[in-house]
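Engineer: With the hints as your guide, set chain B onto chain A.
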Amino acid sequence: MLEPSCPADQLDDWFVREILVHEQALLRFLLRVWPDRAEVDDLCQETYVRVYESAARERPTQPRGFLFAAARHLMIDKIRRGRIVSIEVMGNIDSLNVLVDELSPEHRASAGQDLRRLAQAFASLPANCRDIIWMMKVEEVTQSDIARRMGVPRKTVEKRALRGFRMLQEAYFGAVEAEMNQRPREWTRAQGGADRG
Amino acid sequence: MDSMRIGNAGPLKDAAAEWILRQHSAEWSEADAMELQQWMRASTTNRVAYLRARATWEAAERLKVLGAGLEPGVVPSPEVLTDSAYFNGRPGQGDPVTHRGLARAMPVNWRWAATVLFTVCVGAIWYYARFPANEYSTAVGVTSTIPLSDGSRVTLNTNSEIQVAVSEAGRSVTLEHGEAFFEVAKDPNRPFVVRAGAERIVVLGTKFSVLRTNGEVRVVVTEGRVWVNGTQIAAGEVARSKAARGNTPQLAVEQRALPEAEEMLSWRSGFVVFHETPLEDAVAEFNRYNDKQVVIRDPRVAELKVSGNFKATYLESFINLLEDGFPVVAERHGGRIVLTARAAGSPKGNP
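These protein sequences, in sequence, are chains A and B. Quick note: the first sequence, position 126, residue 126 per our numbering, numbers continuous. Numbers in our numbering are just positions in the second sequence, counted from 1, shifted up by 1000.
These are computed hints drawn from the structure, not numbers from a lab. One thing to keep in mind: the hints can contain errors.
With a cut-off of at most 27 Å between alpha-carbon atoms, the simulated DSS-like pairs for lysine-lysine come out as follows [stated by the list, open to error]:
1) B:K1186 / B:K1207
2) B:K1064 / A:K155
3) B:K1013 / A:K155
4) B:K1242 / B:K1305
5) B:K1292 / A:K78
6) B:K1242 / B:K1207
7) B:K1311 / B:K1207
8) A:K159 / B:K1064
9) B:K1064 / B:K1013
10) B:K1311 / B:K1292
11) A:K159 / B:K1292
12) A:K78 / B:K1186
13) B:K1242 / A:K78
14) B:K1292 / B:K1305
One chain only, chain A, in its complex shape (with noise of 0.2 Å):
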């Protein structure tokens, strides 16, 4: 990894600030114009690494659409380099200029919708996760004081506690889930397109 030339912290909290609340337009517009949604994900965390990369060279001075552009040009790499040569996937990536605009509502969440969203996150957990992350966050109960209230063991607890905390940081960044599964492909994947003419 690189060193950065800013402090980490401020370069964290700049990733954290300017980056990481796009997530949610970042997975959709990778879903829409990825062919396989298994490697979305994967993408999505590359897409990250490189900006945080350059973001530690130079702070970009649009973080959104230098996001973006980095998505685009991480897929056009991939690509390239996997011979799945489809202008037709190219031109998906390329309606990028027409998604950005189009998927910016949660830009600037207020204060407000940012608690919804939590509140929203939250409730969706089982039952059992979320008491457990209720107990740690507003309680502030150990996780060994949780085990003896609930009477379970404490691993029980760490591991509920695990995968409550992972789904509620899905729920809370990405939110796609429901679309990820719901979503019919519009088009397959074509293999090869350059050599087809």
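Structural biologist: Same frame as chain A, but now just chain B:
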């Protein structure tokens, strides 16, 4: 840069979540903190995953807001949480006052509005009586919808021109050049006639488009039926007519699936759609919508097949995509873009 393995994201998110939970447990030690630092330094992938988990953890701090006023040990139900008063606006914010204020102001506003409206109407009537607006045209790259007085609507594609004559006596539109989509209001007593060069398209009420280009007229019907020079064309059918010099035009009718016919009209939302379309034809289509013209210099390039939906006016993006995905090089010469085949072994650099 970290290399990416497929399916890496899930386990990594697990690991990051685990770090956060450990960090906020009672057992967290200096040694653990060092270990976390090491883990984060190991790769940006780890660091980013950690940041994401930490941001969630910090956001969850605000659950306390929702828990305010609840008995300890009580976890609110999902309904209570999401229907919380926090999200339903603050009560008692004086809506009635606003209404009353509006009601008082209304008469004054209405008088003004009526005066302005009257003036505008009189002006418009006078203007249209003197200068009947019966010529419409669009510039390159622009589409425009024109409502007609009989309730029909005409949508003009890029670089098109029509003359409209709609009166009690009859309805007629002449397509001077370009392409137009007609949504004709039903009126059995007043046939709607579209003239495009030598072609005469007659309808009573339906939806169809007429394209006039290079001496050819193409009619696409998406609803109902029309008569082209007396031949009936139904929805989903495409009629082409090319007037050979001095001869009567020959009409060729193709049966298409309706969605396919609709797709030929995707220009109405600003898109062009290709399915394994020879690049030559795709480029010709783009050239209709852009001042900048694309020229193909190589028959191999002309034969390449392209598929996809493209914004008709995003010519540069299309060209960039071609260069990205195909063995094609674009050279810009002023107002023209010349496409040639890329020599083998000279790949285009990263964007």
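Engineer: Take the hints in turn and mark each one as holding or not.
Structural biologist: Hint by hint, here is what the structure shows:
With a C-alpha separation of about 10 Å, the suggested pair K1186 of chain B and K1207 of chain B falls inside the 27 Å cut-off, and the hint holds. Pair hint K1064 of chain B plus K155 of chain A holds up; C-alpha atoms about 25 Å apart against a cutoff of 27 Å. As the CA atoms of K1013 of chain B and K155 of chain A are separated by approximately 20 Å, the hinted pair is consistent with the 27 Å bound. Proximity of K1242 of chain B to K1305 of chain B is assessed by CA-CA distance (about 26 Å); at most 27 Å being required, the pair is judged to hold.
Proposed proximity of K1292 of chain B and K78 of chain A is contradicted: the alpha carbons are some 31 Å apart, above 27 Å. For a cut-off of 27 Å, the pair hint linking K1242 of chain B to K1207 of chain B stands: about 22 Å separates their Cα positions. Simply put, K1311 of chain B and K1207 of chain B have alpha-carbon atoms about 23 Å apart, close enough for the 27 Å limit, and the pair holds. At roughly 23 Å between alpha-carbon atoms, K159 of chain A and K1064 of chain B fall within 27 Å of each other, so this suggested pair holds.
Among the hinted pairs, K1064 of chain B with K1013 of chain B is consistent with the structure: their alpha-carbon atoms are about 25 Å apart, no more than 27 Å. Only pairs whose Cα atoms come within 27 Å are accepted, and K1311 of chain B paired with K1292 of chain B is accepted, the gap being roughly 15 Å. Distance check on the hinted pair: K159 of chain A and K1292 of chain B sit about 61 Å apart at the alpha-carbon level, beyond 27 Å; violated. Among the hinted pairs, K78 of chain A with K1186 of chain B is inconsistent with the structure: their alpha-carbon atoms are about 53 Å apart, more than 27 Å.
Proposed proximity of K1242 of chain B and K78 of chain A is contradicted: the alpha carbons are some 46 Å apart, above 27 Å. Restraint check: the Cα-Cα separation between K1292 of chain B and K1305 of chain B comes to about 22 Å, which is no more than 27 Å; the hinted pair holds.
When held up to the earlier numbered hints, the structure conflicts with 5, 11, 12 and 13 and fits the remainder.
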